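Enquirer: Sequence:
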Amino acid sequence: MIASECAKIAIERHAGFVKGKYLNGKYINCQEGKDLTEIKYIIGTGVSIVNFINPKDILKSITKSKSKKLIPKKFKLLIDKNYMLSAMGLLSTIDKELALKIMHENLT
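Convert by adding 17 to the 1-based position in the sequence shown; the result is the number in this note's numbering.
If you're looking for bench data, these hints aren't it; they were derived computationally from the structure.
Listed next, with one range per pair, are the computed distances between beta-carbon atoms:
hint: 1; residue 1: Ser84; residue 2: Ile19; range: 15 to 21 Å
hint: 2; residue 1: Glu22; residue 2: Lys98; range: 19 to 25 Å
hint: 3; residue 1: Tyr39; residue 2: Asp112; range: 50 to 56 Å
hint: 4; residue 1: Thr125; residue 2: Asn46; range: 35 to 41 Å
hint: 5; residue 1: Gly42; residue 2: Glu22; range: 38 to 44 Å
hint: 6; residue 1: Ser103; residue 2: Cys23; range: 16 to 22 Å
hint: 7; residue 1: Tyr39; residue 2: Ile111; range: 48 to 54 Å
Source: prediction; values computed, not measured. Every residue gets a Cβ at the ideal spot worked out from N, C-alpha and C, and that includes glycine.
Build the full structure now, drawing on both the sequences and the hints.
Expert: In structure tokens:
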């Protein structure tokens, strides 16, 4: 499915990786980019996810990535059914508590 592949590509694009290299004659592992392994939530939004019969199946596909990227390991999937994330970003500049309250009530 195209949406599943898009989700995998998106998470891999944002995730860093561990790279081995020599430093002062010793081989060490170094992280390059962001470590997303401890991310607690992934929020799906957009027509391909929201209008799919089981949108969480699309997002679960990111755990099947064979990439060596530092992608999330254990996380809760949330869906932005009402397309409110961008509006809540704007609202948070005025009232952070209200924006968080609305998101907690609407993300499933």
